[in-house]
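Visitor: Each chain is listed here by its residues.
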Amino acid sequence: MTSAASKVTTMREAIADLVHDGDSLVIEGFTHLICFAAAHEIIRQRRRDLTLCRLTPDLIYDQMIAAGCASKLVFSWAGNPGVGSLHALRRAVEKGQPAPLALEEYSHFGLVARLSAGAARLPFWLLRDYDGSDLPAANPLIRSVDCPYTGTKLATVPALNPDVTIVHAQRADASGNTQIWGLYGVQKEAAFAAKRVIVVVEEIVGEGVIRGDPNRTVIPSIVVDAVVCEPWGAHPSYAQGYYDRDNRFYVEWEDISRDEASLERWLKDFVYGVDGRAGYMQLLGAQRQDRLRAKPLISSGVNYGF
Amino acid sequence: MTSAASKVTTMREAIADLVHDGDSLVIEGFTHLICFAAAHEIIRQRRRDLTLCRLTPDLIYDQMIAAGCASKLVFSWAGNPGVGSLHALRRAVEKGQPAPLALEEYSHFGLVARLSAGAARLPFWLLRDYDGSDLPAANPLIRSVDCPYTGTKLATVPALNPDVTIVHAQRADASGNTQIWGLYGVQKEAAFAAKRVIVVVEEIVGEGVIRGDPNRTVIPSIVVDAVVCEPWGAHPSYAQGYYDRDNRFYVEWEDISRDEASLERWLKDFVYGVDGRAGYMQLLGAQRQDRLRAKPLISSGVNYGF
Amino acid sequence: MAVRAARELRDGEVVFVGIGLPNLACNLARATHAPNLVLIYESGAVGAVPDRLPVSIGDPALVTGSLGVATMADVFQFYLQGGRIEVGFLGRAQIDRYGNINSTVIGSYEHPKVRLPGSGGACEIAIHAKRVIIVAPLSPRTFPENVDFITSPGQNGKYGSREQLHLPGAGPVRVVTDMGILAPARSDGELELVAIYPGVDEKEARSRAGWPLRCAPNLEVLPPPTSEELRLLRDVLDTDHLYIGKREA
Amino acid sequence: MAVRAARELRDGEVVFVGIGLPNLACNLARATHAPNLVLIYESGAVGAVPDRLPVSIGDPALVTGSLGVATMADVFQFYLQGGRIEVGFLGRAQIDRYGNINSTVIGSYEHPKVRLPGSGGACEIAIHAKRVIIVAPLSPRTFPENVDFITSPGQNGKYGSREQLHLPGAGPVRVVTDMGILAPARSDGELELVAIYPGVDEKEARSRAGWPLRCAPNLEVLPPPTSEELRLLRDVLDTDHLYIGKREA
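Residue numbers (the working numbering), protein chains in the order written: chain A, 1 to 306; chain B, 307 to 612; chain C, 613 to 861; chain D, 862 to 1110.
Be careful, since some hints might not be right.
[To be verified] Here are some chain B residues pointing at chain A (derived, C-beta under 10 Å):
{"id": "1", "residue": "427"}
{"id": "2", "residue": "450"}
{"id": "3", "residue": "601"}
If you are wondering where the hints come from, they were derived from the structure by calculation, not from laboratory data.
In this text, a Cβ means the ideal position worked out from N, Cα and C, and glycines have one as well.
Could you put together the complete structure from these sequences and hints?
Guide: Following this line, the structure appears as structure tokens:
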């Protein structure tokens, strides 16, 4: 067994080293495995002028926009799922507060396709989509090509190659071989598409754990620049097998975010006022953790022998 | 839990119902999970005029070509891996014996891309490939499009949508939800691309086994038409966790196949002379099975709780 | 609406499910006449059998005990674009007389009066699902003659008909409202009233659209929800009454 | 050749491995100076540490204990085309003076004298790997001036140079033979002799190519295999002598 070089670092150092003002940034995770811990550290380090890309901006980008980190948003569905609007995002778009925010809009399939093209080092991706829709009129980057076999017109979207992608996952080894179960989202495509990749995990495990079940590996170490261990790092999103989604917080966000002052207060308490995820979780309280902690439901193994 | 309609049938019925003369057929599996049992049943049922598609024709298509099933081969690497040539294929191409065989040739990436396009219901797939190579000159179906963003020329291959795909796998439930571990090959793309799909497994398991580890599911029941239980159905290929690759048989094939008469004899004994896989394995002998049977090396489970 | 939407589903169908009322309708259908419905969520859960009412489309309860998990690239490319989805649900926002849906902006795109969430997967569901069922309460605000922005194409519109555009799916074939059901006319794809719930006044229903709503020649009166359907909704599937009021069903 | 090919690899590199000699070279490198080499097989095994010498590129021993398994679509799209592979090995068949490789046909394509296996992944490896190492014994038959068919593009040829074609990888930068090493000249990409093994005659080596083989200005004499390298090859890595004879190394 080789023991490759360790990429383990702290969240503070990973963000300081790898996320710069003006970068394009993807923090993916579809409902599952959204790395709020990284977003909070970016807010604390007061990064500015970021282009934030994500299918569903969700609370995570609403918080970053409220904190003034973003100058542009690339997205496909902007809402608080099942609850309502993203109020900080709306204030930025409608009133330019705290800073103006440019929008670039696709459908989910369009953004998935952009990341797939980026991961495959193609300048664009093909899809059968957008005919009869106003989306191409609203976004001149949605174009088309003619099929060299049938003559049919097909839609295209350009590759997205973000400067940085941050992926949350259940576990990785020290060199960044990363395993995910439950919903995959577009974590793999987002990682392969990026120039720099930070993996944040619930647990760092020995290489032997990864090698014991290689089919669960979604992101290989060769695309990973830094590995951060941050338990509960996805809250209020979730990590299958570790903790449940904090649906109550998503509902609470409606009240916290509707008013600029109360959002500021929340950022002051839960982001600026703590020095990392451990402090955040302490503030959240043991009762909440107990409510959200996953019950055990362990799968059976399969035979890798030959 | 719903108990969906069972699609379990015998190999004989699955082939009789779903594979017809003149069909285009994909039996995939890259080294791993190559369904020789299905090929032998197709030979026994004397199907003719098939267009056989596969990255590596391997011994399986060499046997089908020798038996006169094929009129065309679509491929990207035609050899007996690590051993030498495919002699029946060469006789068909060079001498038209037992029937002439047309060739359509790609690279591995090209054929993977053709199946991906078929699975995605796109008329073609994009790739950065073939510049500086004679392959496009040899195959007029390799074409190009201009990127609507950069103006760069990119290679294209047309979608492949076979009439039938046959996938071997470790296990499935009765409705065809299919789980694979070890090498994936292009089994998923080949299944999604096909008009009809037969899944052949080492074990049919209860729906609960599938639901106990949903991240291992590679092919969903909604694309599957028939499920066949055929232990050792991939020999001399292998099934991770069930039995090893019979490398010795691959070497023996060199001698069996070099001479037309000895190949005929082998087909007579091991294909026409048995009425199914059980008979074939009996002929192969218990000793060989003991040598190839996989040793246990069971992975640990993961937590699906929340 | 949930009961009616559930009845639109046939046993064994493959349904692309969103959260909220469509999810409830699918689970009601599974509990009654369609036990073999295959539920596929945009998030990648395939064959989910959630043991609690999922609040989000990516709820962990959709994964635990499901038949499979697909990457989102596979969901959109192989399942949806691949033509494997038989029914897609769409809803809310604005729907026009041809079933075009707006979930992007009210007002102009550059200077909207209201910024809505955007397409998500709605554009591609409208294009690829073999048939689309829209669920929305009937009102002139929700059903204007023309939508401000076409997020998801309907039967016909400024870009041409589905046939002219070669769209693979049949588009919105049923619009389930709180008054009855609209469906596109075969001739031009314009939505018309084809069925009403018992006790609903045809004239009142027709006055609730933003255009002169035509009525199909033989307007059907739909059978009421059975007591079993109501019991399942209220006591089993939505015990917290997240999606249905005490009186609504 | 195995020893020399192993020495061409640097610790930590990501190598796309084929079966046979390249596999042996990679395992020798891992056992000596490059323990952190990441081996990626065309079949999808990532970070394999086979506990037996794999006979096929898809041997189950490549999966057991590996760091990951990729679909072949991911191998070709995300790893290879994605620019993640640092070294690719190619070999056998015909190699011309610019490093173009033929593994398709001897003779014409339509009526070949010998039908070879074809590209497999060789065409895309030659295009995308950051650098390509070719391993083949030096002889006029294997190294003709022009190949009958270009399966995998080299440095230059009838379609133009790599630069003109905008090929992303550097192409064949080292050709490891049984006499020494060839490398492309910076000026025109023609292969020239840059190093020989101790005891090999320069003139004889140069006579083994199908064209007048140029010699680099400062021809290097390579250090011989160490006894440790030979011991590892013969006693540990290839105990069945599948790939190396008793005398060859």
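Visitor: Hints first: check each against the structure and report whether it holds.
Guide: Hint check:
no.	hint	in the structure
1	427	holds, 7 Å
2	450	holds, 7 Å
3	601	holds, 4 Å
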